[in-house]
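Number of protein chains: 2
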Amino acid sequence: MILLDGRKTSNDIKEEIAKEVQEMKENGERVPHLAAVLVGSDGASLTYVGSKVKACERVGFESTLIQLPHTVSEVELLETIHDLNDNDEIDGFIVQLPLPKQINAQKVLLAVDPEKDVDGFHPTNFGKMALDMSTFIPATPFGILTLLERFKVETKGKHTVVIGRSHIVGRPMSILMGRKGFPGNSTVTLTHSYTKDIKAITLQADIIVTALGVPGFLTADMVNEDVVIIDVGITRVTDETKAKGYYITGDVDFENVSKKASYITPVPGGVGPMTIAMLLKNTLIARDRRSQSGK
Amino acid sequence: MILLDGRKTSNDIKEEIAKEVQEMKENGERVPHLAAVLVGSDGASLTYVGSKVKACERVGFESTLIQLPHTVSEVELLETIHDLNDNDEIDGFIVQLPLPKQINAQKVLLAVDPEKDVDGFHPTNFGKMALDMSTFIPATPFGILTLLERFKVETKGKHTVVIGRSHIVGRPMSILMGRKGFPGNSTVTLTHSYTKDIKAITLQADIIVTALGVPGFLTADMVNEDVVIIDVGITRVTDETKAKGYYITGDVDFENVSKKASYITPVPGGVGPMTIAMLLKNTLIARDRRSQSGK
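Note that the protein sequences, when read in sequence, are chains S and P.
For the first sequence, the residue numbers in this note's numbering are 619 to 913.
For the second sequence, the residue numbers in this note's numbering are 619 to 913.
Simulated from the structure, these hints should not be mistaken for lab results.
It cannot be assumed that every hint is accurate.
No copy is singled out in the list; a pair is fine if it fits within one copy or between any two copies.
In silico PhoX-like cross-links for lysine-lysine, where the CA-CA straight-line distance does not exceed 20 Å [as the list claims (entries may be wrong)]:
1. Lys878 to Lys776
2. Lys878 to Lys817
3. Lys814 to Lys798
4. Lys776 to Lys817
Go ahead and model the full structure; you've got the sequences and the hints to work with.
Right, dumping it as structure tokens:
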């Protein structure tokens, strides 16, 4: 069994990016600049955005954090987004979700210039991905593809089963694994809450990507020998014996499934750390594209 | 066995549209206007575009056919598209494919205003479809959904197997059948040229959508009793005994598979006739959306 170590891989990627940024500086080029918009002061959101800003600093990106009160109006938020679209100093930006109720998240999403949409959530980018065009791939799926690529996990002709059809993981993964190229060329089955007899399906899988958020959902009796397991579930489970009062766990019964798997992502330390690394990668790609078009 | 009669269903839809157009006229409203751009004079393309124009006449739409020589430059074609985008009299338009070699089809596709893209091929519309937003669904997949809907074929919790991953049929169908709602909520498996042991997969299917273009590919031993068959393959097979010198056939061994199927589309007369009806439907939707925004 080989551990798909996301912590190490994401550190490798960050170092590679830092090196590129260093070269940009030495060549007198402008370095990538990521902006993050945070509405309100939700604890988890603050933590996520904080990690993203810190990651930018680590690789030498410029970063800008725009904090808006939770009472901000939709019009004001849209104005902020238009300003970021128009600001030539900014290569890419994200709007941290969730947004407060007075704001239509879909409207906000659609207002982001697709060329600065480093989260890859804009329909134009999502459609380009589904139509095999060059685009931004959302960070979590991009992180999974990168793990498969760097660990040289064969995907061609394999049967990949995706559990969960969310817009940010399940649906894009089901599309990406069936595209031409590597990683890709898999036969892909997308399963969800209406799927009957999921065990009969997971038992046929060479690769399983699970993104349910149900701790211990995938048990050893549901998988074949030598299966590849990508666990995207991240759930906090209350545990008074832990210093933080909780522990983090995925969708997979790691202890038992890992005995059968050929490759498996741990949780934490698997897909999670890859996400921020891929956001940085997308920002670097945005910078490169913009500089090619003279910006 | 129930025949999914696309000829009858498409006629029903055209009559419904004609009635709506009649009401528009009586209310003094502007009727839908579809334009088609045809480059060159390829026989098959002429036939397709001709059928579309004729279908517009039949339901009372206005139509405009723009014919450009096969020597047209990319710049000239793009200008034509910008003119159509800007022309408030036009509700929707299509660019008949294939295009000559000197023209980058992707560039042309991206130039179409998504709000007039009644073929549903623009990435913004494709992405909206994949993200469950309101959009234009490409005509062939839209036709299949409509057949399933009108014949009340249950899709929820069923296992749909899609054969072929083309941008215009296989990929969108694999997305649409797994979306929430009806038709949808299927467990979906997308298969293609790299799929191993396709028979083991089709034998698990409650619904099979095949879009390969290989006559007789799907045989009776590959399907279960009561399977639902959607045959999108359309191949001309040379046959001197026929008046036209050929006959049209699908991917399915109809004679034998139909004995096991609960529902099946004939070829011709199944999915084919639905395509033009759904193009008209998309044009009507475009007109409605535009009139709601005061155009």
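Verification of the hints:
| no. | hint | in the structure |
| --- | --- | --- |
| 1 | Lys878 to Lys776 | within (17 Å within a copy, 29 Å between copies) |
| 2 | Lys878 to Lys817 | within (16 Å within a copy, 27 Å between copies) |
| 3 | Lys814 to Lys798 | between (29 Å within a copy, 15 Å between copies) |
| 4 | Lys776 to Lys817 | both (18 Å within a copy, 15 Å between copies) |
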